[in-house]
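Asker: Sequence:
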Amino acid sequence: MRILGIDPGLRTLGWGVIESENGRLRHLANGLCKSQASEDLALRLLSLSRQLSQVIADFAPDEAAIEQTFVNKDGVATLKLGQARGAALLTLAQGGLTVGEYAPNKVKKTVVGVGHAAKEQVIHMVKLQLPGCLPAGPDAADALAIAICHAYYGGTQATMRLREVGA
Numbered sequence: 001m002r003i004l005g006i007d008p009g010l011r012t013l014g015w016g017v018i019e020s021e022n023g024r025l026r027h028l029a030n031g032l033c034k035s036q037a038s039e040d041l042a043l044r045l046l047s048l049s050r051q052l053s054q055v056i057a058d059f060a061p062d063e064a065a066i067e068q069t070f071v072n073k074d075g076v077a078t079l080k081l082g083q084a085r086g087a088a089l090l091t092l093a094q095g096g097l098t099v100g101e102y103a104p105n106k107v108k109k110t111v112v113g114v115g116h117a118a119k120e121q122v123i124h125m126v127k128l129q130l131p132g133c134l135p136a137g138p139d140a141a142d143a144l145a146i147a148i149c150h151a152y153y154g155g156t157q158a159t160m161r162l163r164e165v166g167a
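Mapping the sequence shown onto our numbering, position 142 (from 1) lands on 142, and the numbers just tick up by one.
These are calculated hints, taken from the structure and not from any lab test.
There may be inaccurate statements among the hints.
What the hints assert, rightly or not - Each computed DSSO-like pair below joins lysine-lysine, with the alpha-carbon atoms no more than 30 Å apart:
#1 Lys106 to Lys127
#2 Lys109 to Lys80
#3 Lys106 to Lys73
#4 Lys34 to Lys119
#5 Lys73 to Lys34
#6 Lys109 to Lys127
#7 Lys109 to Lys73
#8 Lys34 to Lys80
#9 Lys80 to Lys119
#10 Lys119 to Lys106
#11 Lys73 to Lys119
Because the structure is a prediction, the values reported are computed rather than measured.
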């Protein structure tokens, strides 16, 4: 199964593509979709959507995973993040992908072992779990971590786990 992980952001949207086969993970690609702060919001969202559409076309993922929005003290920043996340979700749906959504703490706990891990710890553990992977930046590393989380909790493996426990 090929999984596209997305770390949403208005300025920088991180993405990462991995393959999960028989419990083994393999890095395929990662990168950053960027928008220009000087542009209108609608044009920034359109730019991110077009870049993400190209990633989908280039790597043909089977499923996608995205980080859930967290609310911080800056309401305007939270709203902008939500809008970027909405544009990403729409683009993924237009690409015909089913999407898993994961809380930031769940992603960190899955990849690092603790829910409040620092960015450096996430990058380190992503590199360990995906040998040869060089993340394009912290946002790309987060996207790869989200894809790893989905490989463990979403899609086919989740169905297999349910069958194993007799659910």
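Asker: It remains to establish, for every hint, whether it holds in the given structure.
Answerer: Here is how each hint holds up against the structure:
This hinted pair checks out: Lys106 and Lys127 have alpha carbons roughly 18 Å apart, not beyond 30 Å. With a C-alpha separation of about 26 Å, the suggested pairing of Lys109 with Lys80 holds against the 30 Å cut-off. Only pairs whose Cα atoms come within 30 Å are accepted, and Lys106 paired with Lys73 is accepted, the gap being roughly 21 Å. Note on Lys34 and Lys119: the hinted pairing holds, with a Cα-Cα distance of about 19 Å set against a maximum of 30 Å.
For a cut-off of 30 Å, the pair hint linking Lys73 to Lys34 stands: about 24 Å separates their Cα positions. Only pairs whose Cα atoms come within 30 Å are accepted, and Lys109 paired with Lys127 is accepted, the gap being roughly 16 Å. A distance of roughly 23 Å separates the Cα atoms of Lys109 and Lys73; the hinted pair therefore holds under the 30 Å criterion. Using a Cα cut-off of 30 Å, the hinted pair Lys34 and Lys80 holds, with the two alpha carbons roughly 14 Å apart.
Taken as a hint, the Lys80 and Lys119 pair is honoured in the structure, with Cα atoms around 21 Å apart against an allowance of 30 Å. As the CA atoms of Lys119 and Lys106 are separated by approximately 14 Å, the hinted pair is consistent with the 30 Å bound. Between Lys73 and Lys119 the alpha-carbon distance is near 20 Å, which keeps this suggested pair within the 30 Å criterion.
Consistency with the previously given hints is maintained throughout, with no hint failing.
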